[in-house]
Amino acid sequence: MNFVRLNDVDLDLPIGRGAFSSLLRSGPRDTASDRIGKEGPGGVVHALRNVTINIESGDRVGIVGLNGAGKSTLLRVLAGIYQPTRGAYEAQGRISTLFSSTIGMNPMASGRENIFLSARTLGLSRRQVVEIEEEVIEFADLGDFLELPIRLYSDGMRARLGFAIATAIDPEILIVDEVFGVGDAAFQQRADQRIAKVMGSAGILVMASHSNNLIKRFCDKVCWVENGGIRFFGPVDEGIDVYGAGSKKSAPPKAPAPASAPQKAAAKTS
Amino acid sequence: MTAQKTSHMSGNLPEDRRRLLYLVARFRGPVELGWYDFTTVFRRSYLGPIWTPIQLAAWVGTLVLLFSNRLGEGVGEYALYVGIGMFAWEFLSTAIAAGPAFLTGSAGVLRNTPIDISIVTVRRLSMIASKSVFQLPVPIFLIVIFGGAPTWHLFLLAPVAVIFLLNAYSILTILGVLNAFMRDLEFLTPTVMRFLFFATPIFWKGDEGFRKILADYNPFSYFLEIVRATVNGEIASLQTWVVVGVITALCFSLAIWLQQRFRSAIIYRL
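Sequence order for the protein chains is U and F.
Once you know that position 92 of the first sequence is 92 in my numbering, the rest is easy, because the numbers rise by one and skip nothing.
Numbers given in my numbering equal positions in the second sequence, counted from 1, plus 1000.
The following block holds chain F by itself, in its conformation from the complex (with noise of 0.2 Å):
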């Protein structure tokens, strides 16, 4: 029904290639405006963004203190393992635990500007890539210290980061739309977060007994293992990979279809 004016690309180029370059003009704004969000969240602190390493840095080396059961030998082990693991929860936890007010909290932007859903997403996802580009010294310093020789495999983390890129969008998009119909999951999540937190095994193991129940039935335990495996070197397993990529397509197709549905719809409900 709109038919609104938005022609930015003109020439000669093959219309795939025109298309991309359109993608990548349209999104450049808000990439730019999620970093920046990200950043003035510090401006009256002192050490500005800087908290952020600190904080996951903080809480790694907590868990490591209480939960490693074999001080000295086999310590730096448990802190690369509790170090990436907690490096790639915060990710996916903050999409979640950001998902369902950030359409909501949008409101004044959507309502007032005929700016598409997508946009203030992709905006948001950027000030949660934001928060992570400030961890990367934590998980860093972990490999660089107890990690072993670097390995091509380490190639491997820039597919495995579109995978975290796109399953935020696709989490951000799926809480948001259905924030905006039930608002009771601003209630709910965090309280399945704090359940989550435990049952996904960042920092223990899940090769046995229980423990390999609740990690095998919980998809997060794969998405933290795709990022552990590729930084140990290694290539993970099969199923992992099938079962992170099945997740990944359904919630991507699920966001998708639920954006051009309810495009309309939501605006009115925030």
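So here's chain U without its partners, still in its complex pose (with noise of 0.2 Å):
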């Protein structure tokens, strides 16, 4: 049974100005607000509060909001990439994360060694990679490109490798951002097969998208993250609505989400 959990989840991200910095322009100390905090030396952005989200096996949960909500910031939280700052984190099952598309590439080497890189960077074992290696070839399609420097392939067919190579590697919990909008109409189509014949095998699927179709398409749940709160946890139809509704109105980031709301949002999971 997998599962990810934050429970009344609070993260600080130090700003880490030297101490010279503010010989030579103005610190946080000046510009303090509701998200920008004057604690440690440098202060710190308070990127998330009061965060509480129950995912379970089985879930597909989209996350929206503005850019500079805080999504992913909780993506890394849920990927236990960031460890909070107060609160509690919990996590079971193998999380693959799909946040860049070039993650352990290597721009010397050839798509085919990049293949090796990536996919040990990740974690795979040798026998692991072997097992990966023709279908990721296959899935990129990147002809006779498979044996040059990846420094020479476009974005796009970066994106392609770096999405077959992510995507091989059967996750339990698969957290993405922001990916789908690579590569060429036919490609999108095949990473849509793909990613839906992924979210077969894996657990629970946790993607953050600006993309309404996106989030109906491969989601039943969605999370409104606003200032780095929870608004909304709850059935994707509905939390599209609200947040197409409630993103009009919302004026740029200013302060956290209320207590009550992620409280409100947990009950709703559970």
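Any given hint might turn out to be false.
List of simulated lysine to any residue pairs, SDA-like, C-alpha gap at most 25 Å [unchecked claim]: (1) F:LYS1212 <-> F:ARG1194; (2) F:LYS1131 <-> U:GLU238; (3) F:LYS1131 <-> U:GLU113; (4) F:LYS1131 <-> U:PRO107; (5) U:LYS216 <-> U:GLU238; (6) F:LYS1131 <-> U:MET108.
By construction, these hints were calculated from the structure, which means they are not laboratory data.
Mind assembling these two chains? They're in different frames, but the hints should get you there.
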């Protein structure tokens, strides 16, 4: 039984300016607001506030929200990359992330070599790399370019290769951040099919996107992130409607969501 | 807080052996990738990694030419002294030079995949060790030409190599973690290294006067000494082994503590 759970999680990201930067330019102490705090030597960004979310096996969650709302940060916390400043994180299952299509790739190495490099970086054994190699080659469909250094590839070709590797891994929990917009139309169609297939085997999908269509196609739940807090967590159709109506009214990020909102959201999930 | 499923090993093996096998399996990937990282640096050159021993030989040759004051008799002994010293110094100084920036350089992988910092540290250590493997022909040539008959002491090179690897791992971790909090280390390290190169008995001998004081209070002297003594068919003094042992234990303990203590705090500072 796979799951990812966050309980009343806060995450502060240190700005990390050096001591001397304040001599040269204004620091966070001058620009403090609800989301930029004065804590620590260089100040912090209050990236997430009071986030409670419970994702269980079989859930397909679409993360929506405006730029800067905290979607990518939330994905990294769910993936276990960022550990919460406060609150509890709990996960069970093999987590695979698709945040960047060029993880572990070396521009000097060929496409075929990069299958090995990227897959090994993602933690696959040699045997597992051999098992997925042909499938990745077939899916990426790079033709003769496969044996050329990827520094010669277009962005779309690199993304195809990266997508093919990341989705060949048979994850139990797949966490994806805005990667579907790459590649030509034919590739996107195949990518849709592949992600649908991966979803069939993956226990959990969490996907951040600005496309309501993608969210509706792949997800059955929506998590609306606003100003570092969760504004809504629930069924996809209702979530898209609420987000659509709410985001039009939303002003630029000012304050975290009230503590009661995530608690309501958590209640909905259980 | 993280409860990620990582059970790769199973069966009835004793716990210690199972843990050891797990560690080997866990670090095999980054060791291979480190080797790959090193060799691909030279991908577009004609001579490839052969440049590495050429560079070391040129350094040693230059130093011997400039500072061997007894050309003819004794020059072989001096060349062996400088060659072994440079080889050991190159390993440690490469780790120090790479230390501050290697974690920030691995930010793409660390921020986008849920892998441990120790994995990227082992990968970089493997890259540094690969460089030394390619440099090996230089000290081997000098030993064969100018050294004495092989003795059982050469077997001591195995524990000496382990000591150097442990210290390089510690150096990478300590400098990498500290640099995440204080980027000044990236600028400070090269400055200090220039001084240390001349302050370490690589091409001079610390047998009397100010040089003796400099050598006695420089920890690198002791690391070079255990290699030189072993190659010369001797056992380094007890004081040398104690100093090296204490430094290794302290540095490795500090590295592991830093890794555990600041594991989560580092990622979003990269």
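> Which hints from the list above does the structure break, by number from lowest to highest?
Replying inline: The structure breaks only hint 2.
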